[in-house]
Amino acid sequence: MAEEQNVVMERPEPHEIIAPGYTFSSITDQIASVVQTKRTPPFWFLGFGLGLALLGVFAISTTLLFILGPGIWGLRTPVMWGFAITNFVWWIGIGHAGTLISAILLLLNQKWRNSINRFAEAMTLFAVACAGMFPILHLGRPWLAFWLFPYPDTMGIEPNFRSPLVWDVFAVSTYATISAVFWFVGLIPDLATLRDRAGNKIARVIYGLLAMGWRGSAKHWSVYETASLLLAGLATPLVLSVHTVVSFDFTVAIVPGWHSTFFPPYFVAGAIYSGFAMVLVLAIPLRSVYGLEGLITDKHLDNCGKVMLATGLIVAYAYILEAFTGWYSGNIFEAAAIHHRMTGPYMSSYWSLVACNIIAPQLLWFKRIRNTPALLFLSSMVVLCGMWLERFVIIVSSLAQDFVTSSWGIFHATRWDWGVFLGTIGLFLTLFFLFIRGLPMISIFEVRTLLPHAKVDKEVAE
Amino acid sequence: MSQTPKKLDVAAARARLNGTRGREFWRNLEELAGTPEFQDLIEREFPRQAIGWGEDESPVEGRRNFLKLMGASLALGGLAACTRQPTEQIAPYTKQPEELIPGKPLFFASTMTLSGVGTGVLVESHEGRPTKIEGNPEHPASLGACDPYTQASVLGLYDPDRARVVSHQGEVRSWSYFYNFLAGLLEQQKPAGGAGIRILTETITSPTLAAQFEAVKKFYPAAKWHQWEPAGAHSARAGSQLAFGQPVNTYYNLENANVIVAIDSDFLSSGPGWLRYTRQFSAGRRVGAGRNTMNRLYVAEPMPTPTGSKADHRLPLRATDIEEFAWALAAGMGLASGPKNGDNHDVFKWIGGIAGDLGRNRGASVIIAGDQQPPVVHALVHAMNDHLGNIGKTVFYTDPIEVGSNDQVASLEDLVKDLDAGSVELLLILGGNPAFNGPVELGLRDRLAKARNRVHLSLYEDETSEICEWRLPEVHYLEGWGDARAFDGTVSLQQPLILPLYDGRSAAQLLQMLTDAPERSDYEIVKGYWAGVHKGADFEAWWRRSVHDGVMADSALPAKTFPIKFAGISEPAQKPKLHGTLEILFRPDPAIYDGRFANNAWLQELPKPITKLTWDNAAIMSQATAHQLGVEPSNMLNLGMDGVPLVELTYQGRSLRAPVFVQPGHVDGAVTLHLGYGRTKAGQVAKGMGFNPYGLRTAKALWHDVGMTAKKTDGLYLLANTQNDHVLDTDRHLVHQGGLAEYLKDPEAVHAGVETPPPGLTIYPGWDYKGYAWGMAIDLNACTGCSACVVACQAENNIAVVGKDQVRRGRAMHWIRVDSYYSGSANDPAVYNQPVPCQQCEDAPCELVCPVQATTHSSEGLNDMVYNRCVGTRYCSNNCPYKVRRFNFYLFSDYETPSLKLLRNPDVSVRSRGVMEKCTYCVQRINAAKIEAEEENRKVREGEIQTACQATCPAEAIVFGNLNDPASRVAKLKADKRNYSLLGDLNTRPRTTYLASLRNPNPDIEV
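Residue numbers (this note's numbering), protein chains in the order written: chain A, 1198 to 1659; chain B, 990 to 1996.
Keep in mind that a hint or two might mislead.
Said to hold, decoys possible - Computed footprint of chain A on chain B; a stretch qualifies when at least three of its residues, placed anywhere within it, have a C-beta under 8 Å from a C-beta of chain A:
1. 1181-1187
2. 1835-1846
3. 1853-1860
4. 1876-1886
What the hints assert, rightly or not - Residues of chain B clear of chain A, computed beta-carbon distances all greater than 12 Å:
5. E1203
6. R1351
7. A1526
8. Y1706
9. P1870
10. K1963
Since the hints were made in silico from the structure, they are not lab data. Yeah, the Cβ is synthetic: ideal placement off N, Cα and C, and Gly gets one too.
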């Protein structure tokens, strides 16, 4: 809060999170027209086409995977986890920014979130969808994935509740459920708006069904506010807990380079870091293509950049601490794990991730860079690459060279490793582009509350 | 159809079409197609509807019938589809075969031969299917142990690529057809006394075959018998000729040998009797329980071998320098006037120390010369052993065990002469593959083809079969009767376990065809021979006893002494000089021997001792030599992915391209090539694997020579090895080791620097084992790294073969691996072997992390793996600090090949794709013993359960048993001061523990 006040003092324009001149109807018109138009911009076809193409790669890769087995990947003894778990952690992490924006910032009454929370939440949902597939895809016998759930088995067999993978099942499925519900509840008033504006009968019926009879009565609004606050309250701990549980996959194991108590905060910070990078990667092209600079202003980008900088510094601290702990522990295996990470077969990945995650984001200290969308987009891409590499290095380099030197072995990714990874990017893009074509990517009613005339007298007086 | 139309006359039609061309031809064809005859033909060939709608049926009836039948077919088809089962004939025992209880295996004694020399085995048979080979404890060469070849021989039996039919010039024929041919030919040969008959075999020790050769000689006195054993003991034979003037068989008793000098001899993992030698050698190194002395082993060798890895002092020498070493040693003990110094200082540096040690242990020492060393070294060694008074104490001589012991190279050259002269009418090649493995300059491939009639009896259709118009399938040793002598002459019988799978015949049966009783079965031949030898009323009982025991009592050849003729060994020959070239070394491959096991996937995939290379041979050289040639692999840590450079080796004008493998401890300036690879005509396993050093191997230099040049060529070659990193990181304390003297002073010295967590560190309560608590102890001081355990485990536990590509990708499936570690300088490191099965931890990291409880702790302390429950998250493997878990990345098990189904151990699940597996301590054997004990209302006895690896271990390095029984061997070993847990500081509390390795260096030798 203090930060924002300072900024306000520096740049005292009243319209910093929404451009001046907007009215209730112009906001509604602009956002709804992205959906309710006959003219789909070429950008959309480009993005959606790319998504579909990559989705095709996904279909081929996973079909082969299911038919032949995980042998098509580069996995081996001792590196039994590779791209699949890396991608899982990476996608789950990306999802975190959406939840943080929609839940925590809502509770903290950060008004600037109103114009980015909708697509950030959609991003969360699709990222979790991508992430959630990997624990199944990476199984040797994926058709038995349901054995991880505690369903009433006739043989009386339960999952092993001591295994972090079972905790993952609960954490991720809870996360997916809450995110979906939160997102959908937030959509209801806007769905009603679309229903009311729809010229096409079919669209009217579909939006009408989805709007669940929303009429915008005071009673509705009151219930809605309560529900969204409650859901925000439920979602808030998830921001911290999901990635904490994911990090347990590593910390609970005794593998040097994994077995470490600072992984939970380190992973959560990393998750938010990559998540905000993804928000920027999505927001910057979208606002320029759809002319939404008035709603997603430079201030938003600036704020996201600052969050990235802050979480990036936490991540940098974690890297330093990791190296320090390796040395300070006096444990030969821990020290060797860090040593191998920095100088071993994965040193190029390690130093790239340091460059991407620690060195490059230092540019975000400069306001000029935060206010240049192209540069911000670039640095977000760098951070996304860096965070992916971070997960890869933690998982693979630790496994490749652990305790018994005779069993050391190097992981080499195959084309199918890449196929599945790029395939989930395709799935994400496909879903996301369908979302921006079919649903308002910015919350209409919440943005309208940002207008000066939406403020009640008391607020105006302040 | 009231009248039957005329049948189509094809000849007439053809005549009608003949002479027509172009449009006319087609018109004629159309006309022909229109004729009623042709229509009738079509009607008969392709009836339009089987039933109904015919002219003789009313339309209504026909349609109704049609619909009825269709309906019924559909209904029946649908029913059948629900319960479609493969048709299987079940044949219950109407009369139970004697002693056979379905589900319980029976064991029969038999004999496996390698290079003619027999080793006794016990074969496990499940309802008539041999599935597993164990050593025969009664047999002197086995003592219950087995070598990798023997362990893998059961896969050889079921190999789908085996030769299956008698064929003549590619046409399938019957045995009687072949016999008629042979009889006709023999009839022609009879008048000339069989002058055109040549028989080519490998080395043979079988007394029955010997008698048959005698019999054949009687019928055809002018026929000649030649032998060729590519990896045979040619030099040893010549050496004894040199020393004693006659061929002599040498064997050793290492029980009382305090000092052993191995002169380029890998007596701990190759050669006749090595299993016994290893047993005795390891017994001589067992310290503890009142024993505080150890034998001492000196090894001089070019390429590190399991024997070299056990050496207290290992001297890497080029093979051509070793003769000088032998002379120097003889001079050092005052036996000969040899040189005291030469251009290679290494040869002489330890002579004083070794000679002194030998001198102090007269009658309790032994010098062993390797088969690959020239005859003069063997002669010198005979003289030295004699000088040390070892004869009759540690070294024994008998008459040769082989039949017709002669110079095989000369004999082969003789055959070549006859072939060139065109005087060979019939060439019978009984076993062996001379066209592939003969000396290269003899060009046997082309030469053998000069025989007018060529017959090859062989297990496989190989390079020799290719040039023989008669190819006869040979029986596997588990399919036919036979006999063989062991290293000391002991005769054991080869008893078949199963009828020949592919209508094969044995060499004995084929030889029998040359006599007047051609139809006798192999049983009659073998038994008939022994009935002639063991005359008397008790023959039947004696025979039964011998078949049952697998060994003929007191059949060992009597030990003799032979006077040494020093005349032949008076002068050291001029040592061949390198002159800037390299030394070329040929050695039998540790896994596929001379190439005969090339189609055995278990052996191909067996990580070779020390190098851990699979599926290939390589140009093995030292780092310095590789550096000098500019072919140093950029990264020895990742041969499977980065590849290694190729060199072109040129020797005597012939050259060969081979991948480079850098081996620490290999002598500089030499390149070792393992024989047997590069097969051109072989089964699907052997094909395309490795390169063929026989292409450089001449009769003059069967084992080594100088004068090879090497140069780097383009390209990289991917090698599949199972261990990349061999450097022993002493901070990790994986192998605890130390000197004997230090150990005796302070037993804790071997564990110096190791942290052991205090007991009770964990907050969880410990497991309570009321009944049994199984545990294992592995004595690193005994283990030689021979890798027999790896194959034994593979055979016992239905472990899948994954192929070179998958091994390269780090997916070999062996449940037990033998790690090799090097410590010290790269030129001459100390080598440590460490077998690693599942450690069966008390606080098992794998059990904790499995989300579906597919790996759980049993009430007897095993980490059970529940294959059916496993979904394949592979988390357990990640969390296993010992990396003993193996994952089925693909469907590695062969579910298709019918013959391989017979091979499976019915007591062990065949694992499917996506499932984790690992060592179970042979839980099926544990349970079998427990059931038996329970039936008899007693506890399982000590020693009743032997895991597969333990049972086959010649060094008795692996001991398994009940930890709850303080009197058990394993409990005692765990109380030994040398006992330690691998990665003990992780507090996983493994059930498998190790006993530290000790070395017994000579204090007189400065290292």
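Are there three or more residues in the stretch 1853-1860 of chain B whose C-beta lies closer than 8 Å to some C-beta of chain A? holds (count 3)
Quick one: work out the minimum CB distance from B:P1870 to chain A and report holds if it exceeds 12 Å, violated otherwise. The claim is violated: B:P1870 sits with its nearest Cβ about 4 Å from chain A, within 12 Å.
Three residues or more, CB to CB closer than 8 Å: is that satisfied between the stretch 1876-1886 of chain B and chain A? holds (count 5)
Just double-check B:A1526 for me: nearest Cβ-Cβ distance to chain A has to come out over 12 Å. Label holds. Min Cβ-Cβ 61 Å, cutoff 12 Å.
Least C-beta distance between B:E1203 and chain A, which was stated to exceed 12 Å: Its Cβ never comes within 12 Å of chain A, the nearest being 54 Å, so this holds.
Hey, is B:R1351 genuinely clear of chain A, shortest beta carbon separation above 12 Å? Fine: 42 Å to the nearest Cβ keeps B:R1351 off the interface.
Establish whether the coverage given for the stretch 1835-1846 of chain B by chain A is satisfied; the threshold is a Cβ-Cβ distance below 8 Å, and no fewer than three residues must meet it. n = 6 at 8 Å, threshold three: holds.
Check whether three or more residues of the stretch 1181-1187 of chain B sit with their beta carbon closer than 8 Å to a beta carbon of chain A. With 0 residues close enough to chain A, the hint is violated.
Taking the minimum C-beta separation from B:Y1706 to chain A, is that value above 12 Å? holds (17 Å)
Decide, holds or violated, for the assertion that all CB atoms of chain A are farther than 12 Å from the CB of B:K1963. The claim holds: B:K1963 sits with its nearest Cβ about 21 Å from chain A, beyond 12 Å.
Hint compliance for this structure: hints 1 and 9 are not met, and every other hint is.
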